[in-house]
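Asks: Protein chains in written order, with the working numbering: chain H, 1 to 349; chain Z, 350 to 663.
These are calculated hints, taken from the structure and not from any lab test.
Keep in mind the model is a prediction, meaning the values are calculated, not measured.
There's no promise every hint is true.
To be verified - Short, incomplete list of chain Z residues facing chain H, as computed with Cβ under 7 Å: (1) ALA556; (2) TRP559; (3) CYS617.
Unchecked claim - Here are some, though not all, of the chain Z residues that point toward chain H, as calculated from beta-carbon distances under 8 Å: (4) PRO384; (5) ALA449; (6) ASN452; (7) GLY514; (8) TYR518; (9) GLY575.
Backbone N, C-alpha and C define an ideal beta-carbon position, used for all residues, glycine too.
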Amino acid sequence: MQFAPRDDQAFHGQFTFKNSAHAIKRFPFPFPEDEYRYSVNIEPHALPGKSGSITEHMLDIDEHYLSETAERARVLDSDPKRCLVMPHMQPAAWDFLEFVMTYYARDYPESFSFERQGDDCHWRNHLLGLEQSFRMGDDTTLPMAPLDYIGRQVQGDIALLDQRDGDLFMDAGMITCPADWSLAFDAGMSFSQWHGPVPLAHEMGIFERALKYLCAIQVGGPVHRLNWTMTIHPRMDSSPETFSEWGSDRATITPDNAGRDVHLRVELQTLVRMPRSHALFFGIRTYLINLDDLCTNPVWQSRLLKVLHTLPPELIEYKGLTRYLPSVLEWLERREAGVGASQAEKQSA
Amino acid sequence: MSRFMKARIAAVGQISTTVRRLTLVPAESGQSFTPFSPGSHIVLGIPGEGRTCRNAYSLISAPDDSSQYCIAVRRQPLSRGGSEAIHSRIKVGDVLEMSAPANLFLPQWQARHHLMLAGGIGITPFLSYLPELERRGASWELHLRSQDLDAVRFPEAAAHVASGGITQYRLERPNLAALLSRQPAGTHVYICGPQGMIDAVHAAAAALHWSSARVHHEVFAAPAPGMPFTAVARNSGVEVAVEADESLLEALERSGVETTSLCRGGVCGQCRVELLDGEAEHRDAFLNDQERASQRCIMPCVSRARSASLVLDL
């Protein structure tokens, strides 16, 4: 695994974020077929996954680790409310800290180490240059609250869901790179409440089925799914709180700049039962790729075009694509025609 | 059942003439179990004559102790083999299959007061509640009704009997109406015991206009085995015997029949297959009532057969 230098890539301002050829190759392209279909695409997070893939380990880390943790720190400094833990979720926060330290140290031993004797623990994060002795479960032995401490060292957003009355509640989390939703707004909401704005799926009974399945997840049986949307520029923090900074970007897209500026945004969502608190960890690992890079893979290019052509209007609106989707389609069609021509040239040559 | 691990019996103790206490440790030295949440249970595989009996048992030890798990097993008069084997054959040093802890009986942490009602061996899930309730400084009381089981004989409970946190009943029954009516608002009640007791508490709570969301009883996620049956994959020309404790999907995979699947929990719809003959016992959350009634499709990841065989379009 190669890591970019910490301040090399920015997810704001000049947007210096860039994917290496390796990152493009392992990008989680989310469409299994040419037509867009709504489905409960949840499957067991069977470990170890395919070597080198984003699901090889319990928690995926890639070349953007340093840049993303720096971005997270920047967002938290400007808006501390992005991290929230209701009092009854304190044990879940500790559960999560132990979970991250255990899996990071196990799966990336060159970058992290975690030693413990009973509750006396020692943690090293070589990538961020952090070292900490603490007592598991004792808030006073960490420089900040447990979720705040470990969340800043995690690549990807974190929600900790409390389970009660056969439902899940958004009662804790650290959300700094959301695709247009807000932890402060959703805090305390039930599963069906925070999915309220999603069109079509309620009528199809998808949430009802998914909730039943998620509530039955037990220790040792994690699951994952992919979710997607699009974002203008490689902007991790597209939250409602900062809408004024990014909302107008949607108006800047033309068939000429779509390849550079429009990014497919794919979330690897992982659901893991925390052993002590029984909270459900909902991890959202976000991968960004611009269409230029995505379409270096001709299979992905033609499938994306077909999928976008079959998106229901309600979903185009919900995903915020209405304004610039025609430009994206035109860009893809032009490119598809160009690739087709060059392939024909090759064949005739 | 997936996610089985090996556990070794480290100690056997007698709580009463009919209840044994087992201490389980990881079969391999240097390993540790996962910590668990209060109210969790494990499924233990107990080898018997010709088959393994899989029973669910509440963990009674402290949830944060990952060095060992303890369970208490009552000798059932009409044992399917499991409890009888534990009382007569299982000994220190034996290695058994054990599932990871699962929990369908969590404390409701927002409760202002926790009222636990146990009938006999039903005290077991509450024994793992107590250390966590104490740790969080929660308000609680536990009532145990049993003719022959003395809570003080559980090391996990002894101190609480002495301090009055646990009230015991021998021949008499607790007066449920009186008990519930003196509870502060915001009390949650938890019941583990015989069905009659569960029903009586629900009825008493309803009579006092308690919301049903404040009344909880133990449900085990025992692996839901069923009757063995035969599956015929007509197009593949394969006939496979589906054992009582494996899924139809697993049996098909075992015999090399190509299937698609995703969630393996009856929600995603990927493994849906046409049913050509036979009667399905639907256990999924995907098919609607009409599809179920039509008996023309089945979700093999969770559903089984009511008939001796199922013929599938595979």
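Asks: Now, for every hint given, state plainly whether the structure supports it.
Replies: Quick rundown of the hints versus the structure:
no. : hint   : verdict
1   : ALA556 : violated, 21 Å
2   : TRP559 : violated, 14 Å
3   : CYS617 : holds, 4 Å
4   : PRO384 : holds, 5 Å
5   : ALA449 : holds, 4 Å
6   : ASN452 : holds, 5 Å
7   : GLY514 : violated, 21 Å
8   : TYR518 : violated, 29 Å
9   : GLY575 : violated, 18 Å
Checked against the numbered hints above, the structure breaks hints 1, 2, 7, 8 and 9 and satisfies the rest.
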